[in-house]
Amino acid sequence: MSAISSLRDLTYERQLTIRQRKGRVLEVIAFFSILLGIAILLTLLIDVFLDGLPWLHPRLFTEFPSRFPEKAGLRSALQGSIWLMVFTALMAIPIGVGAGIYLEEFAPKNRLTEFIEINIANLAGVPSIIYGLLGLGLFVRGLGLGRSLLAGALTMTLLVLPIIIVTTREAIRAVPRSIRLAALALGANEWETARDHVLAYSMPAILTGVILAMSRAIGETAPLITIGALTYIAFDLRGPLDIFTVLPIQIFNWVSLPQKDFQNLAAAGIIVLLALLLSMNAIAIWLRNRLFIRW
Amino acid sequence: MIRNRKVLEKKIVVAVIFFFALISVFTTFGIIGVLIQETILFFQQVSIIEFLTGTRWTPLFATKKFGVLPLVNGTVLVASGAMFIALPLGLLAAIYMSEYASPKARTVLKPFLEVLAGIPTVVYGYFALLFVTPILKSIFPQTQSFNGLSASIVMGFMILPTVASISEDALSAVPRSLREAAYALGATKAEVATQVVIPAALSGIAAAFILAISRAIGETMIVAIAAGQQPKMTLNPLESIETMTAYIVQVSLGDTPHQSIAYQTIFAVGMLLFVMTLVMNIISYFFTKRFREVYE
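Chains as they are written, first to last, in the working numbering: chain R, 165 to 459; chain A, 113 to 408.
These are computed hints drawn from the structure, not numbers from a lab.
Model, not experiment: these values are computed from the prediction.
Do not take every clue at face value.
Pairs of lysine-lysine, DSS-like flavour, derived with a Cα cap of 30 Å [to be verified]:
id, chain 1, residue 1, chain 2, residue 2
1, A, K344, A, K177
2, R, K424, A, K249
3, A, K344, R, K273
4, A, K344, A, K176
5, R, K424, A, K344
6, A, K301, A, K177
7, A, K401, R, K273
8, A, K216, R, K186
9, R, K186, A, K301
10, A, K222, R, K186
Excised from the complex, chain A in its bound form (with noise of 0.2 Å):
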């Protein structure tokens, strides 16, 4: 009897346990529905070439234009702004933590850049806004009140240590052999570092930077603070330009009608933003498969 009544127990409690774990694959396809669905709709009434092809966006405007090209291009600016701090310095923090630091450096330097990582984005907003901008201000008299350089140096260093601590994992697992193989051939350790270990790391750092620019273009809330809110097809850093989550949030904060086609935008929107993202994230999973495959 108490034995029944325990593996009836057992194969509830797996049941129950296997729809959690199903729960992640519902989550997919809800987000995928959603986007989806909303997405349909703004198509019945936008051309999908107007959306892709068109550079003006106006649909909160009276002459509504519906080409998202300046969003994509103001998350694309921003986004590379910050690629160009996050991934030198993410990349050279991981040499120093994987190759030079010390055990005990490792673990004092280490905390500092969990709490980089850690810290909220709303918080990175506030300082790229109040501390950042201002101090552009005083360097280039031109720069805007809301900028995209602001945000996208923020956001490097927002980003730093995820490229950090991805690619210290890729140069870590380099096996010793192929170190000590170097150095026998008389490689000082710096031409360990650069020659032998980065090359044989390349496809786990490859996905550490494919993850870190997936990150930035998804980035919201320091561009919503401080990037501003004006659309536009510009390559200037210092001008106010709006990328697409940041066009997401103002549609939130604004009362929307439901089933208007503004509620609509920020679908089409954000299905553009998932798919961006998600090339991106199979792309960085394939990197490190095929590390993985190689050395463990």
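Isolated chain R (complex conformation) (with noise of 0.2 Å):
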């Protein structure tokens, strides 16, 4: 009797020992599988730094481009990211965020309400080129923008409005209660309270949100090429209504030509794209850290 029991107990041993390495190779596996993704990433570092780094010159930032590899830049390119970033803000912020505190502070729960938030979510999953040929339909032909900066602008705005609105109802709805009804207490309006009190609690978030979403409309390209961005401009930008280029365009463009200096001048443009996103997150991650709230 006891013989079988113990020999049961053997068995059920040596299973359980196969069973337990069975899992040490899944967690092996799926820890492979994250550094595997994270290898990748350093591998692409690494390869665009080793291309670009010997065309990382100032001239890049003060000459326009051009058909020879040493003489061209990115400050068409440059000028049109910027500004396109800077209008694109002016119209994206106070409509995101405008929209986010109507849905969490003032919206009835009906079904306008219920359909504007399925729309917002179906949006975020809409590809970016679609984006495009709205743009170019709405802007460039409909209102008759033409190729211009304005019209790229309100692409983006229409581009990034989801990721401001989502991130700002979130933001909003970590503000607790009680900040709400003590204003309301005090004899604020909803308005002066969501002004006042709510926003200004979760303006950190509401930035870090914003923040993200303008190195998404900075580093976006299928879309500004639908409307008819252009590749090569050689003069400055003179207004909201003048065509205009952008730093991923630029780079695509320079990584599509066959010679050799262009592609490593892509790679130089590459290089200058990620230091400008960089430096932004790290402006998101300083005031997550440094504003950032907890209840």
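If you follow the hints, you should be able to join the two separate chains into one complex; please do so.
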């Protein structure tokens, strides 16, 4: 009797060892799949830096694009990217934050509100190139803005709105009800409460979301190509109705050229783009750590 | 007086921000309106049957053929290749993050995945064309300079963080009680993960997978740079192909006159792309909703 049970224990023990070993294998494989992702990221960065660093010259910031790689620069692309971001921010931030406040603080629970919410969720999943087609049909042709910076900024505004709305709502939702009740009890109306208290407290988290949305806008290429942003611009930007180009489009243009020098120039452009993104994200993280309030 | 002014201010502000919220609805209608308008013009000249079933796509040539299937073929080929990488690796990464990683390891690893997701797609295109393709050429000498495989591989890693992050949310949302019940019955950690947590989080994982496919289909710059401009019906990933998105870019870069048939083709192709991604986003939305209903 006891011999049989100890035999059973033995098979159980052996089985258990096998089962635990299988578990270790899963853990190792799972860990390595993350590591593989990180390895690819590092390979990409090293590859870009090795190709681009020798071409990272002050000239890159002061010269217009050129047929000669040793004379070519990012001046018009940088101007385009920065002004595009400014105009996009001017439109997208008030609209996105306003819409977020409305949906979180004022919207009645009805069919229309639900419809708006489903719309926002869906828009976040629409491919960016479709926004380009919308911009082409609506802003470039429909409103007759042409291939202008303003048409690009309007397109980008629609593209990043869902991101700003969603992060604003999450930020506002984190503000406790007691803050609202306290303000209302002192006689503030709902708008004053939202503006002076809820918005003030959620500002750091909203700013983080806004910066993330802007870094999305600055890296986007496809919708701007679709609305007809040019690849070769050899003069300074004169105003919002002027034709324009941006950093990613200039990079795309250089990558597409067969000469190795231009491809290295593209790598240098990528370094500039990544540095811009990195500094924006660093600001976002700094804001998050500096101003974030834990309730 | 002051009180009245404040009430008025509130009413105006609420009306304005209500309008801001409505802009999302206008955007959706705008997309559908613009796409339908041009697509109708297109289908006045090209039969819808030819568009959806034809196997030759040459709208920019002298003899124009408008069969969209080669573009769909290219899109599906590249996207499925990307899924071979993104789905298994993304799910495994999510399992590691939610079941195995210590909180410290998580805070170290997560930013890397976020950076991977935040890199502009044009950078991935550069990497696919100038790093991955030369390696592929040295392994398979018949690889063409533009090919679907390099785009697939790089796109797979670009989408990996999306799959990982949404799947991780789904895995983490599975209640502790389920895990503890399984441990109490003597299950090992791996058995809990694969036989209890994953089945319980299945609809959330499905949502992540479908969203990933939708993103792969809509991804533009990697394929525009690395996969080529030759629409053809092939399953060979080493050949130059063209996707729907890459075609839209190709036409946009040329100087296509307004109201020409080539101009209208990009809206017809865009319409098809929009419908494909919309269907997948809706399916994903319902999976997420079902998952939320069960556990939240």
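Evaluation of the provided hints:
1. A:K344 x A:K177: Status holds; Cα separation ~12 Å.
2. R:K424 x A:K249: 18 Å, holds
3. A:K344 x R:K273: 50 Å, violated
4. A:K344 x A:K176: It holds: about 15 Å lies between the C-alpha atoms, which stays within 30 Å.
5. R:K424 x A:K344: 29 Å, holds
6. A:K301 x A:K177: Outside the cut-off at roughly 57 Å; violated.
7. A:K401 x R:K273: 18 Å, holds
8. A:K216 x R:K186: 25 Å, holds
9. R:K186 x A:K301: Within the cut-off at roughly 10 Å; holds.
10. A:K222 x R:K186: 26 Å, holds
Of the numbered hints given earlier, the model fails hints 3 and 6; all others are met.
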